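Order-wise, the sequence lines are chains A and B. Residue 496 in the numbering used here sits at position 470 of the first sequence; the count goes up by one each step and never skips. Residue 339 in the numbering used here sits at position 279 of the second sequence; the count goes up by one each step and never skips.
No wet-lab data here; the hints were simulated from the structure. All values reported here derive from a predicted model rather than from experimental measurement. Heads up, a few of these hints could be off.
What the hints assert, rightly or not - Calculated pairs, DSSO-like style, for lysine-lysine (alpha carbon to alpha carbon, straight line, at most 27 Å):
| id | chain 1 | residue 1 | chain 2 | residue 2 |
| --- | --- | --- | --- | --- |
| 1 | A | K213 | A | K111 |
| 2 | A | K411 | B | K179 |
| 3 | A | K58 | A | K481 |
| 4 | A | K411 | B | K171 |
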Amino acid sequence: MANAHSIDLSEHAGHHEHDHAHEEHHQSFVAKYVFSQDHKMISRQFLLTAVVMAVIAMTMSIIFRMQLAWPGEKFAFINAMLGDKWGKDGILDPNMYLALVTIHGTIMVFFVLTGGLSGTFANLLIPFQVGARDMASGFLNMLSYWFFFVSSVIMLSSLFIDDGPASGGWTIYPPLSALPEAMPGSKLGMTMWLISMTLFVVSSLLGGINYIVTIINLRTKGMKMTRMPLTMWAILITAILGVLSFPVLVSCVVLLICDRSLGTSFYLSDIYIGGRALDNVGGSPVLFEHLFWFLGHPEVYIVILPALGITSEIIATNSRKPIFGYRAMIGSMLAIGFLSFIVWGHHMFITGMNPFLGSVFVFTTLLIAIPSAVKAFNYITTLWKGNIQYTPAMLFSIGLVSSFVTGGVTGIILADSTLDINVHDTYFVVAHFHIVMGLSAIFGMFAGVYHWFPKLFLRMMNKKLGYFHFWTTFVCAYGVFFPMHFLGLAGVPRRYYTNSNFPMFDNLVDINEIVTVFAILGALSQVIFLFNFFYSIFKGEKSPQNPWNSNTLEWTTPMANIHGNWPGALPVVHRWAYDYSKPGAERDFIPQTVPLAEGEHDNGGH
Amino acid sequence: MKLLILIGLVLLIIAVHQLMRVVELSRQFKNTKEWNVTESDNTFNGKLMLSFGILFFVLLLWQIDRWEDNSLPGAASVHGLNIDSLWNVNMWIITIASILTNGALFYFAYKYSGKDKTKATFLAHDNRLEMAWTIVPAVVLAGIIIFGLKFWNEITDRSTDPNKITIELYAKQFDWSVRYAGQDKTLGLTDYRQIDGGNSVGMDTLDANGYDDIIVKNEFHIPVNREIEFKMRSRDVIHSAFMPHFRAQMNCVPGMITEFKFTPNKTTADMRKDPYVIQLMKGINDARAKDNKEAVEFDYILLCNKICGASHYNMQMTIIVESEKDYNTWIAKQKVVKTLASK
Numbered sequence: 027m028a029n030a031h032s033i034d035l036s037e038h039a040g041h042h043e044h045d046h047a048h049e050e051h052h053q054s055f056v057a058k059y060v061f062s063q064d065h066k067m068i069s070r071q072f073l074l075t076a077v078v079m080a081v082i083a084m085t086m087s088i089i090f091r092m093q094l095a096w097p098g099e100k101f102a103f104i105n106a107m108l109g110d111k112w113g114k115d116g117i118l119d120p121n122m123y124l125a126l127v128t129i130h131g132t133i134m135v136f137f138v139l140t141g142g143l144s145g146t147f148a149n150l151l152i153p154f155q156v157g158a159r160d161m162a163s164g165f166l167n168m169l170s171y172w173f174f175f176v177s178s179v180i181m182l183s184s185l186f187i188d189d190g191p192a193s194g195g196w197t198i199y200p201p202l203s204a205l206p207e208a209m210p211g212s213k214l215g216m217t218m219w220l221i222s223m224t225l226f227v228v229s230s231l232l233g234g235i236n237y238i239v240t241i242i243n244l245r246t247k248g249m250k251m252t253r254m255p256l257t258m259w260a261i262l263i264t265a266i267l268g269v270l271s272f273p274v275l276v277s278c279v280v281l282l283i284c285d286r287s288l289g290t291s292f293y294l295s296d297i298y299i300g301g302r303a304l305d306n307v308g309g310s311p312v313l314f315e316h317l318f319w320f321l322g323h324p325e326v327y328i329v330i331l332p333a334l335g336i337t338s339e340i341i342a343t344n345s346r347k348p349i350f351g352y353r354a355m356i357g358s359m360l361a362i363g364f365l366s367f368i369v370w371g372h373h374m375f376i377t378g379m380n381p382f383l384g385s386v387f388v389f390t391t392l393l394i395a396i397p398s399a400v401k402a403f404n405y406i407t408t409l410w411k412g413n414i415q416y417t418p419a420m421l422f423s424i425g426l427v428s429s430f431v432t433g434g435v436t437g438i439i440l441a442d443s444t445l446d447i448n449v450h451d452t453y454f455v456v457a458h459f460h461i462v463m464g465l466s467a468i469f470g471m472f473a474g475v476y477h478w479f480p481k482l483f484l485r486m487m488n489k490k491l492g493y494f495h496f497w498t499t500f501v502c503a504y505g506v507f508f509p510m511h512f513l514g515l516a517g518v519p520r521r522y523y524t525n526s527n528f529p530m531f532d533n534l535v536d537i538n539e540i541v542t543v544f545a546i547l548g549a550l551s552q553v554i555f556l557f558n559f560f561y562s563i564f565k566g567e568k569s570p571q572n573p574w575n576s577n578t579l580e581w582t583t584p585m586a587n588i589h590g591n592w593p594g595a596l597p598v599v600h601r602w603a604y605d606y607s608k609p610g611a612e613r614d615f616i617p618q619t620v621p622l623a624e625g626e627h628d629n630g631g632h
Numbered sequence: 061m062k063l064l065i066l067i068g069l070v071l072l073i074i075a076v077h078q079l080m081r082v083v084e085l086s087r088q089f090k091n092t093k094e095w096n097v098t099e100s101d102n103t104f105n106g107k108l109m110l111s112f113g114i115l116f117f118v119l120l121l122w123q124i125d126r127w128e129d130n131s132l133p134g135a136a137s138v139h140g141l142n143i144d145s146l147w148n149v150n151m152w153i154i155t156i157a158s159i160l161t162n163g164a165l166f167y168f169a170y171k172y173s174g175k176d177k178t179k180a181t182f183l184a185h186d187n188r189l190e191m192a193w194t195i196v197p198a199v200v201l202a203g204i205i206i207f208g209l210k211f212w213n214e215i216t217d218r219s220t221d222p223n224k225i226t227i228e229l230y231a232k233q234f235d236w237s238v239r240y241a242g243q244d245k246t247l248g249l250t251d252y253r254q255i256d257g258g259n260s261v262g263m264d265t266l267d268a269n270g271y272d273d274i275i276v277k278n279e280f281h282i283p284v285n286r287e288i289e290f291k292m293r294s295r296d297v298i299h300s301a302f303m304p305h306f307r308a309q310m311n312c313v314p315g316m317i318t319e320f321k322f323t324p325n326k327t328t329a330d331m332r333k334d335p336y337v338i339q340l341m342k343g344i345n346d347a348r349a350k351d352n353k354e355a356v357e358f359d360y361i362l363l364c365n366k367i368c369g370a371s372h373y374n375m376q377m378t379i380i381v382e383s384e385k386d387y388n389t390w391i392a393k394q395k396v397v398k399t400l401a402s403k
């Protein structure tokens with residue numbers, strides 16, 4: 027652990043060499059694998075935790091999808107997973123149904139696509155791609171992971187308590203979440219949810235501050251901001267969003283804890299429940315919604331921006347072309363980042379918020395479509411006249427562009443308050459955000475794992491299994507989420523335990539069955555990924571230094587886990603990261619460390 | 061049974077393990093880089109990309125053909141017609157945008173799949189192109205915003221119609237009550253502390269305005285072609301009053317009164333004669349017949365659309381829209397609250 031101090035930050039000049047092998051030798055098991063301060067190990071820890079969490083959340087979705095497709099049927103699987111209390115005779119309990127959708131959402135949004143995605147790739151890539159020995163503070167970085175870990179453990183242990191986990195939806199609107207009388211999930215389960223999320227925010231802040239400081243301060247010589255790969259820009263903007271918005275979630279949660287435990291009335295007023303009138307007056311649940319979505323909306327960009335950064339890098343590398351409109355990509359990410367703070371009200375058009383305020387949010391929200399469209403067009407133009415190398419990572423990146431477009435356009439409908447009236451909280455919304463945020467972000471994460479697996483585990487993943495994984499996942503993903511639009515058009519509300527209590531939904535049974543069948547197939551296809559992933563960690567082919575012929579700095583480090591990343595001096599950067607197929611060059615890539623030829627123009631750092 | 065599964069699992073693990081050994085051994089002999097992407101990989105995946113693009117388009121049409129007729133019938137309210145027309149325009153815009161963009165994506169993914177002998181074109185940026193696809197979406201979005209906000213302002217304006225009917229929707233776990241103002245056209249005040257078995261919506265028993273109020277459950281009636289102003293309250297948690305056929309939705313929030321107004325323009329009887337609704341109900345009743353459930357007729361419905369607890373999925377109320385005359389007959393038969401409050 028002590029060797030974190032050996033990172034010599036003044037080493038940019040580069041005449042100083044460490045005997046890293048010597049230090050590695052003395053590391054105890056605990057310091058190397060458990061309380062590690064090395065960014066590569068922390069990255070692996072985040073990834074493995076996220077994989078476990080994702081499998082759990084996916085299994086949950088299979089359980090509630092089975093209930094939705096075949097309500098009232100008895101499944102031994104459900105009984106085996108949930109036991110006699112929540113899955114009596116193999117039929118899912120309505121309270122457990124709500125708990126499953128709640129925890130599925132919470133885990134996917136926060137633990138997989140925020141903690142997992144940012145945690146893995148920010149930690150792995152920042153020091154590698156800006157040319158630093160490690161993160162600015164290895165210790166805070168370690169704390170960040172362990173807060174994340176404890177938070178995950180608390181969230182998972184809430185699954186095993188008597189009243190069941192939190193079940194008020196991942197947005198935990200009070201009074202439902204504030205009153206233990208309202209539902210069993212609002213008892214101990216909600217307390218654990220709140221504690222877990224508070225710790226999660228601590229983790230996110232420790233990580234985020236570290237990411238920002240490292241990117242700003244520890245760039246190697248020549249790594250101007252305008253030479254950074256787009257992954258770095260994406261992670262930087264993501265971290266800034268997180269640092270500014272996550273604390274608001276803590277305030278929101280602390281007030282809810284006060285309402286739950288100390289008898290305050292921030293969110294409660296005029297309530298009669300459990301046979302008695304509560305004393306609380308003067309609070310407003312709408313206040314909670316404002317605070318929650320002040321985080322909640324930037325949060326969806328915290329989820330999607332790293333994925334967009336990852337795919338920018340992968341699409342350029344594998345098209346063997348510069349990313350089209352590098353500056354426009356940065357500009358659009360900055361615009362998205364800024365606008366993401368002033369659009370939260372579009373989640374609240376019909377909550378009783380003043381309709382004039384709704385109008386303002388319509389305007390700001392629809393503005394976001396412009397930078398998003400620019401990004402999509404730039405991706406597609408990057409493919410144009412490229413020489414596309416279909417690595418599994420490239421497939422997932424193209425999948426991301428497709429889902430980002432398909433899911434993004436329905437956002438234009440939902441952002442329009444007039445149209446939102448009738449599809450708010452229906453399956454149309456479920457389809458929209460799963461495609462644009464869920465699929466895009468998870469595709470970005472898969473792309474990142476396939477692409478940087480050599481840097482994570484020094485080995486290669488199996489290509490053929492990767493292809494199979496992508497195509498089955500891609501087909502199933504659209505098979506699950508596209509038909510949901512039609513449920514929304516028929517007016518089906520989300521979070522219904524079954525639609526069979528309304529005759530008007532009886533003609534939709536086949537849609538629900540198709541969705542569930544695709545969900546099960548899609549889940550099975552993840553088993554292929556899991557096999558490929560774990561098998562390759564131990565038995566994959568050894569990776570060469572630069573398997574994808576990429577320009578960025580991480581491929582200039584040797585394929586070995588050395589502390590400090592580069593055995594000798596830190597590399598010096600002379601050009602942007604996207605000199606692929608540059609006319610006049612011998613090969614179709616020029617690493618960032620290659621000096622500019624005489625008269626050569628650097629397309630990045632003007 | 062469990063033993064069988066266990067044995068099966070063990071055998072599976074052994075089989076996979078053996079398979080892996082074979083793969084590893086063969087790899088040593090071949091000494092190829094399995095992960096290396098070859099031209100045939102590129103061609104193969106490029107073709108799959110194109111096929112997926114075509115499949116995506118075909119399945120989109122198939123889904124529309126098969127499922128669009130399950131959609132809600134055309135709006136049964138005056139403002140709802142505006143929403144429907146705006147919806148249709150926007151839906152066309154996004155469908156075309158999505159097909160063009162996805163089409164270009166999958167086509168380029170096929171067309172430019174990597175070949176060993178070709179080199180990509182170095183193209184870093186093009187200001188004219190980038191300006192074009194910033195400005196075109198901006199102009200289209202401006203149109204969407206202008207029309208959207210115009211209708212939004214009309215829909216959310218305070219009701220000024222002197223002839224309106226004011227109705228209260230009251231939500232609690234897990235049912236709805238509807239309160240009419242009665243002869244004096246004024247809803248009585250409420251006080252949640254006075255809620256008890258006989259006073260389920262918390263009427264303020266000291267307010268005489270409430271004495272002629274009428275409370276109904278399970279089903280409520282409204283007259284056609286008159287503006288209905290809904291005042292919404294909740295007893296316990298947030299609910300959402302969703303009346304999809306009227307394109308109407310508003311949350312019911314404890315501690316405040318929310319509002320939504322609309323003018324229904326088709327009676328329940330009109331709807332039952334509408335060709336689209338007849339076809340829709342046939343689909344529903346065919347599906348019900350398969351499950352041995354009795355046939356049903358079309359009804360307007362009020363549902364809860366904000367998660368509110370275990371029986372969230374079962375909070376419903378039937379809405380009957382009828383002629384003014386029928387409405388007056390119906391309302392005259394309902395009991396007034398006073399009998400309840402002064403029990």
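Indices of hints not satisfied (ascending):
none
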